[in-house]
Each structure stands twice: as C-alpha cells, then as structure tokens.
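Q: Line by line, the protein sequences are chains A, W, P and C. Just so we're aligned: 613 in the numbering used here is position 132 of the first sequence, and the numbers increase by one with no gaps anywhere. Just so we're aligned: 681 in the numbering used here is position 200 of the second sequence, and the numbers increase by one with no gaps anywhere. Just so we're aligned: 749 in the numbering used here is position 268 of the third sequence, and the numbers increase by one with no gaps anywhere. Just so we're aligned: 708 in the numbering used here is position 227 of the fourth sequence, and the numbers increase by one with no gaps anywhere.
Take the hints with a grain of salt, since some may be wrong.
For identical chains, the list gives no copy identity; a pair is met inside one copy or between any two copies.
[Said to hold, decoys possible] Here are the simulated DSSO-like cross-link-like pairs (lysine-lysine), alpha carbons at most 27 angstroms apart as the crow flies:
#1 Lys724 to Lys577
#2 Lys621 to Lys651
#3 Lys521 to Lys577
#4 Lys651 to Lys528
#5 Lys622 to Lys528
#6 Lys571 to Lys528
#7 Lys577 to Lys722
#8 Lys577 to Lys632
#9 Lys621 to Lys528
#10 Lys521 to Lys651
#11 Lys632 to Lys521
Hint data in this document are derived by calculation from the structure and do not stem from the laboratory.
One-letter residues, chain by chain:
There are 4 protein chains.
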Amino acid sequence: MNSFGTIYRTHVFGESHGNLIGVLIDGCPAGIPLAIDDFKEDLSRRKAGASATTSRIEDDIPLIQSGVFNGFTTGAPICIVFENKNIQSKDYDQLKIQPRPGHADFVAQQKFHGFNDHRGGGHFSGRLTLSLVAAGVIAKKIHTGIEVTAKLIEAGGNKNIEEAVALAIKNQDSIGGIVECIVTGLPVGLGEPFFNSVESLISHAVFSIPAIKGIEFGSGFSSARMTGSNHNDSIIDASGKTKTNFAGGINGGITNGNELIFRVAVKPPSSTPQPQQTLNMESGRVEELMVVGRHDLCIALRVPVVVESAVAMVLADLLLVDQIQRQNRSRS
Amino acid sequence: MNSFGTIYRTHVFGESHGNLIGVLIDGCPAGIPLAIDDFKEDLSRRKAGASATTSRIEDDIPLIQSGVFNGFTTGAPICIVFENKNIQSKDYDQLKIQPRPGHADFVAQQKFHGFNDHRGGGHFSGRLTLSLVAAGVIAKKIHTGIEVTAKLIEAGGNKNIEEAVALAIKNQDSIGGIVECIVTGLPVGLGEPFFNSVESLISHAVFSIPAIKGIEFGSGFSSARMTGSNHNDSIIDASGKTKTNFAGGINGGITNGNELIFRVAVKPPSSTPQPQQTLNMESGRVEELMVVGRHDLCIALRVPVVVESAVAMVLADLLLVDQIQRQNRSRS
Amino acid sequence: MNSFGTIYRTHVFGESHGNLIGVLIDGCPAGIPLAIDDFKEDLSRRKAGASATTSRIEDDIPLIQSGVFNGFTTGAPICIVFENKNIQSKDYDQLKIQPRPGHADFVAQQKFHGFNDHRGGGHFSGRLTLSLVAAGVIAKKIHTGIEVTAKLIEAGGNKNIEEAVALAIKNQDSIGGIVECIVTGLPVGLGEPFFNSVESLISHAVFSIPAIKGIEFGSGFSSARMTGSNHNDSIIDASGKTKTNFAGGINGGITNGNELIFRVAVKPPSSTPQPQQTLNMESGRVEELMVVGRHDLCIALRVPVVVESAVAMVLADLLLVDQIQRQNRSRS
Amino acid sequence: MNSFGTIYRTHVFGESHGNLIGVLIDGCPAGIPLAIDDFKEDLSRRKAGASATTSRIEDDIPLIQSGVFNGFTTGAPICIVFENKNIQSKDYDQLKIQPRPGHADFVAQQKFHGFNDHRGGGHFSGRLTLSLVAAGVIAKKIHTGIEVTAKLIEAGGNKNIEEAVALAIKNQDSIGGIVECIVTGLPVGLGEPFFNSVESLISHAVFSIPAIKGIEFGSGFSSARMTGSNHNDSIIDASGKTKTNFAGGINGGITNGNELIFRVAVKPPSSTPQPQQTLNMESGRVEELMVVGRHDLCIALRVPVVVESAVAMVLADLLLVDQIQRQNRSRS
C-alpha cells in the first residue's frame, strides 16, 4: 500500500541500507519542464548536516530513470531513484535482539515475520522521505499561483529554535517541535465532503512522515474551548474571503479560498544519546540500551520541506481531479 | 470519492432533506449474523434528543436492502438506507442568498455551480454520519476481541460535561469539546509505513466527520515539548507491552499491541443561536444573520459513536488485509 | 469488488429475489439534466417480453434516491434502485440440492459457504444488468457527439435473427449469438498503454455481463491468419483517418479517431427447457434435472443495450480522465 | 494508470530507448525466496533470437533494487529494473514525420502533445512486457499447486508453427497467431460476479500486451452457434468436476475448479518488411514507408510467456484476496 493518489499517484520504495530509495510518479501530465536542478533546493532543505542533525551525509542526487525526455515530462510514469552510498550497517546488528524503544524495529519484525530488512530501519527509515520530497518537487510544478510554505515555529517547547537546539546539544537529549504549514492561492472547491475532505487527504499524507503525532487545522484543538459566536468566520466578500480564519481555509472538507493553515506536532527522535531501559529478546530481561548509529537530535528541523512535499502531492492530485469538475462547471 | 477502504469498502450517499441517507458496504465476509436490532444501541447513542441537541427527531430505522439473507451477510454488497421523514425545508431558503458562516453553503454552491441540494446542508449534512454509524456496527462484528470506545472528555473547556452544557444552554451559544478514543485488543502488525499508517487511515476517516478540527495520537501535541529520553516507551515483555504509552499504540505506522489511543477536537457548531454578521450575496453587504432551523448546541455530545464507527471501519479493513499477511506468515 | 471506474465510478448491488436491484454512481459531474423518462428507452430495450424471452415481467421503474435535485445531477452520489415485485421464489428451492449446470449455483455456494442468497441466482442474476443499463443512461449524457450502438448480428449461427429465434422456440432449446458494438465520434487519445488500454477496460466491463464468452476488437481472431502488409491500416489524413480499420479504432491501447468496433460472443442460456444430467448433492448421483422458473431462450436478444451501457460507463470514465490531459495539453 | 491489482499490485515504467524498463510490485507477502536465477527461464522464453524474431538482443538481467533481503522478499515493495543497452535510436527519427501504420506513433503524439519519448515506441514498446514477465515470475511463487501454461497453437493460420514461420521468412511479411493458455490446480471460488469476474480481470491484463486483438474463454465464439443443451457442462462430482468444459473453468465469473482455458488472437506485427502506403505529416501526402529498425516477423512466438505472466499476476491477486474469504469461511 505504498501508493497515494487518484490521478497524481505516488509510489515509494527502497530501504535505508539497500541499493537505493525511489519514487514512481504516475499520472503527471506531459509537457512539464523537469531537470535535476529543480530538485536541489528542496533536497538541500531536507538534508542533514546542520548542528543537531545526523552525521550520515549522502549526496542525494536524483537519478531520473523514466518519464522525462528532452527536459520535459512525457506523460509516462516518472521513476526517480537515490542511491545509498554512505552506509554503515554494522551499527544496526544489535537491534534484532534489543528493539529500540519508539522505533519500528519490534513491529516490523512481527509484521513481516523477521523477513524485513532491519538495517537502519529498512523500509521504515526516515530516509524514505527523500521520495516524498522528490514527488513534492514535481507536484509543485502542477500548482499555478499556489504557494506551500512550512516552517518550524517551536522546538523543545521554545519559540526560539536556535536556543532550543543549543540546549538539546548541551543536554544530549533529543527534542520535538511544531511545524506550521500555510498554503496561499488555492481556488475554492478542492476536496470532497466524504471521504476525501482536504483535512482527510492532508492528514493521510502527513501521517506517513515518521515522528508526526498530531495535526490540527485552523483553530484546531483550541476550537474545543471556543463558542460558535466566536469561532464562526464571517464571509466579507463574494470571493468567500472571511474576516477571521478559524476554519483554516476549509469548510465542509472543501477549500474556501482563504489561506489553508495547519500545524503538526513532531515528537523527539527516538534515537536519543541517553541510555534507555528496554527488553532484550534473548535474555528476556529489561536491560540498558545505548542507541548507536548516526541520528538527529531535532528531526523537526528537517520536517518542514517534507510536510510541504506531502501537501504538494495532495494538492496536485486535487487540482487535477478538480479540472474535471471545473471544465464541466464552465460547460453548464 | 464517497468511498473508503481497500477490502472492506464503505460508500455513502444521500442528502439531509432528500428521500434518504444510505450506505453501501462491499467486501464484508459472508456468514456474519446481522439483524436490525444490532444497530439500535449505536444509532441511539448518535441520536438527537438530549438537552443541547437538535429538536429534529427522526426514527432512524435502518432498512437493509441487500446483502443479508436469512439473518446472515451473504458476501454480496450490503445496502442500508434511512428514510428522511421529519423535514422542514423552508427553513433553509435564505442560505442560498446569505451563506451561513462556518458551514459548507458557500463552498458547495461554488464547487457544484449551484446545482447542489442546499436543503439542510444536503450531502454535506451531519445527518450523513448515520451512514458511518451503520457501517461501524457491521465493522465491529468483524473485530474479534477488540473494543473501540470513544467518549467526550471535555466540553467548552470544562471537564464537567453537564456543567458545560448547562452553561451553553444558559448562554444560548454553541460549544466544542474533546473526544478521546481507546482501542483495546488489537494484534501487533496492522498498518503500513507508507502511505497507510494506522494514523493516516484513522485520521483520513475521522476528518470525514463534520466539525473535527484536530487529531493527536498518544502524547500528541505535548510530544513537541518532550525529550526523547522521556518520550520513548520501554518495551517490557515479549508481547511488545510498553511501560508507558506515549506512542498511543503505534510505532512506524503499525500497531504495537498496546492500547491505541487518540483524541479529536470538535469545534462548536456553526449554527449558534447568536446573531452573526456575514455577507448577503444579493445586497453585496455584510448583514446580520440569525440561523434558523433545528440544531445542536454541543454536537460533541453525539460525536463519540461516530468516531468509534469511523475507527471500526478502518480496523475492519486493516484486519481483513492483515489476514493475508498473517496466513502467509504462518505458512513460512 | 462490485465497483468500476476511476473518476466515474459505478457500484452495483441487490439480488434477483431480494428487495431491490440498485446502482450507486459517484463522480458524475453536477449540472446534467436527469429525469426518469431518460431511462425509458434503454430499459425497455433490455426488458423481457418478446418471444423467446422470459415471462417474468417487472415494471423496472428507476427510483432516483439521491444525487439529483430539481432535475439536475448535484455532483453527489446518485443512487437508483429498482424494486423486485414479480417474484416466485419457490421455483428455486431445488437448486441448493442440484446446482444447475452452466449457472453460478455451485460456485456461489462454495465461495460464500452457503450464505449466498440463492433465489433466482441472487446477486449473480442477469437482473443485475438493470444496474448497468441505468449507469449507462447517465454515462451517455457525459458523452458529447459520441454514439454507442450495439446490435445482435447473428443468433444460433444464423444471420437471420427471427428465423433463428423461431427455430429455438420450435426446438425448445436455448441459443447463443454475436453482438457487435460500434462507437463513433470518439476523440483521439483515450486510454493508456498499461494497464488501462481501451480494450482492457471495455473487456473488463463487458465480461461482467453474464453469458459473454469472448470479445474481439476490429479484425479480432481473423487477424491471427493475416499478414502485416494486409493488416496494417494506412493513415490517410492528418486527423488519423485510416483507409481500412482492422485496428478497430485502437492503436497501442489508445483511441485513434476511427470507429471503435468490437464483437462479443453470447452463449446460449444455461436455463434451457431440455432435460439435463447433473449431480444431485444429496444422493451423490448424476440425475436428470428440468430447470423450472421463467427464462430466456435467446438472452442475446437483450444483450445489446447492456453492452452499450457497459461501454458507455467505460467511455464516461475515460472522457473525464482525458479532460485532465486535454486541459494540460492546451496549456502547454 | 500503469498499475494493476488490489492486493498484489504491479506498476510498470520505463521506455524502450531510455535508461531502463522497470516494474514495482507491492503487496507481495514477506518470506518468499527470490533470486535472480528464478527469472532466467521465463525471461529467456520471452527473449528474441530465434528465427523470425528481432535482431535486437539485450542481456535482460533483472536488477533487484528493493524489497528483497538475504534471498527473501521482505514485504516491502519490490523494484526490479532492466537496463537498456543495445539501442540504435537513429532508426526511429522518421516516425515523427510519417507515423507507422498499426503502431502507436500517431496516437502517442496526439495524446501527449508531442512530449512522448517516441524512440522505439517509448513507453508503448513491446519491450515493456519484460516488466510483466518479471512480475509474473514472482506471482507464480504465490501460487501453490497451480500451473499456468500458454503455448502458440497456430501461426499464420497454420497449426504447423515451423512451417508458418519459414513461409513468413520466405515471404518477408509478418504473421499472427493464436495462443492458448491453460491453468490447472485452481481452487473453486476465485473472482467476483461484478465487476471483477475472472474473465474481466484476465482480459484486462491480457489486453495490456501489445498485438492482442481478441480473447475467448472455453467455448468462446463457437458458443454463439451452440444450443443450451449441448453447451451446459454437467457436474459429475462433489468437487464440481464437469463432464465437458465449455465454460472454460468459470461460472458466473468465479472459478469452478475445472481447468481454466482461454485463447488469444495475436495480430501480425505492424513492422513488416513490406513497403506500405501511409501519410507523411510534413508533405500531407500518402507516401511509401519502409519500416526500418529490428523487428519480429512473428511476435506470437514470444507472446505465450507474457500471457502466462499476465495471468499469474491476476491469479496472485485473486488468491491473496481469496484468503480473506477462505479464512472467514473456515471461521464460520
């Protein structure tokens, strides 16, 4: 079920320590200019390397294997792969015996009866988000006049990100954060009441990103403590513009022409440098575990571009589906 | 796109003030006992009638039209409909001219170019959740040893629900709330890392319920302010039981055998008895609007059973898909 | 899996001797005029009543339950049902013990472990084609300038249909036939090379119609005995018109702008008035069986409109999907 | 739409003269042994090289890029690619101006507005069937006790294949053929009446193979000239075995436990060495065309293994879906 979308369909594959990570995009219209350089900016935003991010540095050069000819998409499926080069798999041997808390080691082993590629999390690795970013870069090209912007607005409970990161490094303990995403320029009418509300599709895509624990649109959880007279957004012009935007740009699951706004909670990475107590499957006893390998202290720093990409993928699909209704609207 | 599921597929249809509301369930195994009485309890939990809920009372008798024979499911699609009887459509004529803030009136009109059935919200109405509850009743029968329980844990910012409702009635202003859902008895291994994580599928289904503004699993938004050493759940036995449950029963998108726990935020109903200011499309001016019709002051009171139903539908699908993997696991 | 289509999705349900037969159509654009009278012609072409067709006569009045408002489609799912009234279920009790040869009695019982509604074939009945015809009527309204026409061109091996039917009645033995379908006015470019070739989709839909044993496009089976120099269709103008049409209007799975032409083989109905030898599950012996009930001697007479409907459903979906590519084509 | 399947999902990609041809298989259970050697036999059956087949010889070594670890499938998506090496693209420059009759050149250019990779047919090339064969090899491993066998039973209208091929070489004109496929060992109960009958799914998959013009199951087109009393297959034992097999192993769209048998018609390759008359898009005149490049005189020789693979893919999906029903059957 590594697939998402009705018309603009994204399929991901690959393992953290296998040959490669890849993405197959089907349903992308022909005639969209596409070059390797187009991926650079978003890939570098995702990339490790800053303080508090993992020391595993990969080139992350996208290899376009199909679906692009003479610099343009052809309408055939686009396959893009990223080779894995900087691999140190010996790091991971212990986790078959003592599954890391907070990670998928235990569930993957159970679900796939021990046949899963466990090295570096295998197919569960955060490295798979490379595929999402590549899909997002292409998806953004289908949007016209639409801007998707996500940023980290809080880390470790602190609005000052740098301070929070410095403290995490000092404490040698991982921290979480809040990412906010705003989309401008959306037409009225994307989405469906059942079951493909815009919230449904965005949350579906966003919860594929490792470490996300919650999502809220517009007023979100604070709406639970508001009254209707305060919460309702008065419509103030014929384009549907509202005075306030507690709805976050969505009514009845459909975009209403205002800014789409949502926030996601990112948990602290499970691979923290601190010692942990967890089961050793061989001894049957809870024992201390030090997670080795190269990891991020604040993965939330790298999440914004992945959130943007997931949203871009959803919007590309909604926009293509909407062209049908739009064309039929204009006909009637 | 009024469909959900891979194997256990639920399709909803109908309008608030049309002939009926219905649900078509495909992929339900043959041989499950099913009678009209099975629907009673969950339908009555959803039903209006308590203080602070709408005065529109419908019988809500499920009419099983296909897929059931001699008291058992046949394996063919199950169609269940609920007739609409207690309709007062004249109430809604004004909303074509002055769309209600917070409702889908404006977006529905734009999206469907004015052809939508606007009466009582039409296909966007909360009455469509009847379909979800019916689908949930059948879905729950596919679960064995699994309990899905949702309840309202806070209304209007108050943990004392009765007090909160009494205040809303006194103030004649609608209020929101928080619904918490807990699932026990789940096997390890349901869900997929991409894109069908358990969080992805549950949030997809739950955001189809009108008025939901946010969802969080386990530690949720509070995880953003925690450290890894505090957040990680130590595994303490070979079944995967953990000491804490910040993960909310899910790792890497897969159930880990602990309680699945999540909370959703329910906004205050947009139809509040208070006067509102919003655009009159004819005059082009922002004018006062009193929303007439019969409405709930605290829809959150009726949401728990609908959340349960949406989750039951997701789990039925995941359990059926999982049988494939399970059978192949046992074979190898 | 009672569903077909990507954008224009058709779901069928119901049983021959249950409450009703129905169809749910999702993805139909808003604003298409639709009235009960629109169904009359195609429903009457499907209807029994002529010589050599069953004596079970039903009113077959389509009841539009949702998705239509003030005479136009709303964009919400359209549910249409046909009540079953003229039922004589006692006819069918024997077939649980002695499954009719050529029918689905045996496989249905095995597949659904005896829980299937066996009366009149239940969900396997040819009466389900009512749903296809209803879906086809709406689908045809999405076509502009396209004509789908199927007719019976041969029955019982005889090009003179009346003669063939008269002989079948005289012999009291059922006969088969060949139905040819021609579609004119199609644009160039519908379909996909993999896996949704036009042939793939049409054959998928057409083989849902009971009694179909084969399908061939253009030159069909005779192509196997031709040479390339004879078989190739020379393109003679810039619109893609070809001198011959051995391709049947399709190249590489894509419509080429010429007439789409295909033929299907319809087997003789399994319910023939002749005595048959087949297993009695109780006695464990092969015994004589007289199939009672009311049946068609030449079901092929009623098949053309069902084939048209299945094709119309496929083309509606392809046309809606194509609007996306078309719009993107015109943009580039 | 380059995807097929509900649980065992096959996605194809790549172009004839691009970097590679590939297939992505999702939903394959974990724990199936898989090595490169497993592909050898079927790939070599597909391979060119015999008389009357193209002189383009590729190594066709499958590169397993993901989803396999330590010699077993992991449950994650399996990506397999075949590099293109022996490319002579200059051969194809003329076909942008003078599209080859019988080929997809014209429709591809129209559909994708000229952005398609036209070299060697691009994504429409028969070389894409490599992907199907690779998917088929894995699919066959999911079958237990099932044998899928296709063979060429007639070429150029002659039951003596060698003679037919010799004549085609002598005449320097391409020829077609008939491929018959037989499946033994199938359980009763695979498939659905609507819309996923076994005939629907097999024909859907098989019509993705280039050059197929028709398909018939069991008695096929000859059934149209039979009577019911002759056509019906008497059931002769409790396992569902029938005396005759005009049904071809399928009743009501469901396997009945007898041999599944069908035949497909393969047209003569459009690239015949004979001169042809067809439109020159530049001159606007019908002119002579000699198709250069390296081609098969009788592609039907290479089709059987591709048909087997397409069927294997369908059956793998049906068998996995059936496990659900089977498990629920055994429970009830």
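Q: For each hint, tell me whether it holds in the structure or not.
A: Here is what the structure says about each hint:
| no. | hint | verdict |
| --- | --- | --- |
| 1 | Lys724 to Lys577 | between (55 angstroms within a copy, 20 angstroms between copies) |
| 2 | Lys621 to Lys651 | neither (38 angstroms within a copy, 49 angstroms between copies) |
| 3 | Lys521 to Lys577 | neither (36 angstroms within a copy, 34 angstroms between copies) |
| 4 | Lys651 to Lys528 | within (22 angstroms within a copy, 55 angstroms between copies) |
| 5 | Lys622 to Lys528 | within (21 angstroms within a copy, 39 angstroms between copies) |
| 6 | Lys571 to Lys528 | within (23 angstroms within a copy, 40 angstroms between copies) |
| 7 | Lys577 to Lys722 | between (55 angstroms within a copy, 17 angstroms between copies) |
| 8 | Lys577 to Lys632 | neither (36 angstroms within a copy, 38 angstroms between copies) |
| 9 | Lys621 to Lys528 | within (19 angstroms within a copy, 41 angstroms between copies) |
| 10 | Lys521 to Lys651 | neither (32 angstroms within a copy, 57 angstroms between copies) |
| 11 | Lys632 to Lys521 | within (18 angstroms within a copy, 47 angstroms between copies) |
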